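Asks: Chains as they are written, first to last, in my numbering: chain A, 135 to 457; chain B, 135 to 457.
Treat each hint with caution, since some may be false.
[Claimed, not checked] Simulated coverage check for chain B against chain A, where a stretch passes if three residues somewhere in it have a Cβ under 8 Å from a Cβ of chain A:
| hint | stretch |
| --- | --- |
| 1 | 290-298 |
| 2 | 352-361 |
| 3 | 414-423 |
[What the hints assert, rightly or not] If the Cβ cut is set under 7 Å, some of the chain B residues that face chain A in the computed set are:
| hint | residue |
| --- | --- |
| 4 | Val283 |
| 5 | Ile302 |
| 6 | His304 |
| 7 | Cys312 |
| 8 | Pro392 |
| 9 | Asp454 |
[To be verified] Taking lysine-lysine and the DSBU-like style, the derived pairs with C-alpha atoms no more than 35 Å apart in a straight line are:
| hint | chain 1 | residue 1 | chain 2 | residue 2 |
| --- | --- | --- | --- | --- |
| 10 | B | Lys266 | A | Lys286 |
| 11 | A | Lys427 | B | Lys224 |
| 12 | B | Lys355 | B | Lys425 |
| 13 | B | Lys286 | A | Lys425 |
| 14 | A | Lys427 | A | Lys355 |
| 15 | A | Lys286 | B | Lys263 |
| 16 | B | Lys427 | A | Lys224 |
Source of the hints: derived by calculation from the structure; they are not laboratory data.
None of the values given here were measured: they were computed from a predicted structure.
Idealized CB from N, CA, C, for every residue including glycine.
Number of protein chains: 2
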Amino acid sequence: MAKIEITLGIDIGGTNTSLGFVTRAGTLVAESKMLTQALEPAVAYVAHLQAKINGMLEKIEETYELKGIGVGAPNANYYKGTVEYPPNLKWEGVTNLAEMIRHHYQVPVAITNDANAAAIGEMKFGAAKGMKHFIVITLGTGLGSGIVVDGKMVYGHDGFAGEVGHTIVHVNGRFCGCGRRGCLETYVSAGGICRTVFELLAERKEESDLRNVSFNQLTSKMISDAALHGDTIALEAFDLTGKMLGLKLADAVAHTSPEAIILFGGLSAAGELLLKPTQRYMEEYMLNIFKGKVQLLPSGLAAGNAAVLGASALIWNELDTQN
Amino acid sequence: MAKIEITLGIDIGGTNTSLGFVTRAGTLVAESKMLTQALEPAVAYVAHLQAKINGMLEKIEETYELKGIGVGAPNANYYKGTVEYPPNLKWEGVTNLAEMIRHHYQVPVAITNDANAAAIGEMKFGAAKGMKHFIVITLGTGLGSGIVVDGKMVYGHDGFAGEVGHTIVHVNGRFCGCGRRGCLETYVSAGGICRTVFELLAERKEESDLRNVSFNQLTSKMISDAALHGDTIALEAFDLTGKMLGLKLADAVAHTSPEAIILFGGLSAAGELLLKPTQRYMEEYMLNIFKGKVQLLPSGLAAGNAAVLGASALIWNELDTQN
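Just chain A, same shape as in the assembly:
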């Protein structure tokens, strides 16, 4: 009997790496996790990864056939197959991760950053099924984005297209990890909304439970919880976050005119608290010809597996486009 074709999706985060074998239809057949062990060199990481993959493969290879491997990783370059100077991984310089993995498995390997993998995941298995023009915004520690035009991921001239998180909201605004000031992600991200809360606590007089929390203790989850209980400061923080995001999404729409923008990841778990003001401000700031045309949607991928599904979708997309 013919084996069922699967691909392996690997999501590399600063702390954990998640792996999963996924069918063409998007069913997760097996999954696992390992520490990324951020301080070790890339060679040691790949050896760990290989042992993990082999262990998983042994259990399923009678039924399934591995057709390719997709990887989502920070600072990944799709064109070159490399991970370049990743700020949270401590791998030195440029690592040709695609080549290192291909060497062990002799199947097609594709690699891109996590936001692009999320976008392809939404296109193959999630909220963007059947869409040709859309943008995925990932809201975690930072703000990532993946832009799809005519059914294809936009990688740009150098492979680094889709950095909406580093468009500028305020010249001379908040300091950003990228070394500049006023980037969107300093306002709109898990960390950004915490900074906004602290600004509001300084500026306003309203009572708030958040006045008892230190900067280092504060999380976006606490802000959502406070907002759901009617905390004025927390609600205002979501409104301001939605305003900044809506403003820059209106700008993004003016570039590629997508039919939808999909919010994905950590902070987007706040749901309506963030979606509603974002939608309202995006409409307000959008050029007339685009008004009422662009859907703002939550991710259509299961929260726990979204990144792995995205990485798998990346390589399914390659395999399906080549055939």
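Starting from the known structure of chain A, fit chain B onto it as the hints suggest.
Replies: Then chain B, alone, in the frame of chain A:
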């Protein structure tokens, strides 16, 4: 002997329509102009246009064969072949111009807005030859843009992608013709730099020849001339214009990561006066990974014929992509 293949490029402006027959290599074989006669209905316009084209064709049809017609027009929708509610033309509602022209000539007809036509013109015949990822910014009465990704024009979901002129620089900034406030084109365009000069005349104390000119008399050409003579206000106006443009081009780069941005049209005739500050601020505001990678170039098309060459390139591009 086989006839030489040509296409017809038509550039429809509020005042004039320019026409030209162009070879595949970009040589202009014959050209003409007519009034757009803005107040007449579209049917009358097309009748005039047809008479004009027929007159030109008669003289050259022994040597040349018409293969297609490309049209650059305001508010043109590439997907539908329509011109929709053009603010400066007074054609009522939606005009299916492509169909009306095709009816008379039985050749492929394509239509898009003037900035997209300029972008395809640069790709076929100008400064973007051989490039796959670039953006063309047209600086005239307003600010238009055409974005090319992977060698293809980005039209977006509805055909209206590429409105960088209507990204927002300042919430609650200058009033824009589009009904909103703070759009890039209210700062960066022939009209925008005039507004900046008037702000500076109000704010500063420096002497300037521009203090003798009324708002209605002032042109961007006068500002260039004054700047070339060392006028402080005029030089400052170019610096501020370059700052706004550089800021929003850095944002545009973060979306599609082009290898070049090409400045085209009226205000770009100011040359180095505008290019230099724009380049400097774009580099300053760009994310590190893009710094030093994006060329800022003047148009590579002959100034007088650029729009007609662009419209012709649009249809050559269609013909070459289909074959």
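Asks: Decide, hint by hint, whether the structure agrees.
Replies: Now the hints, each set against the structure:
1. 290-298: holds (count 9)
2. 352-361: violated (count 0)
3. 414-423: Contact hint for the stretch 414-423 of chain B vs chain A: holds, 4 residues under 8 Å.
4. Val283: holds (5 Å)
5. Ile302: Status holds, d = 6 Å.
6. His304: violated (10 Å)
7. Cys312: holds (6 Å)
8. Pro392: holds (6 Å)
9. Asp454: Because about 18 Å separates B/Asp454 from the closest Cβ in chain A, which is outside the 7 Å limit, the hint is violated.
10. B/Lys266 x A/Lys286: Cα-Cα ~14 Å, so holds.
11. A/Lys427 x B/Lys224: holds (25 Å)
12. B/Lys355 x B/Lys425: holds (31 Å)
13. B/Lys286 x A/Lys425: holds (25 Å)
14. A/Lys427 x A/Lys355: With Cα atoms ~31 Å apart, A/Lys427 and A/Lys355 stay inside 35 Å; holds.
15. A/Lys286 x B/Lys263: Given that 35 Å is the threshold and the Cα spacing comes to 22 Å, the pair holds.
16. B/Lys427 x A/Lys224: holds (25 Å)
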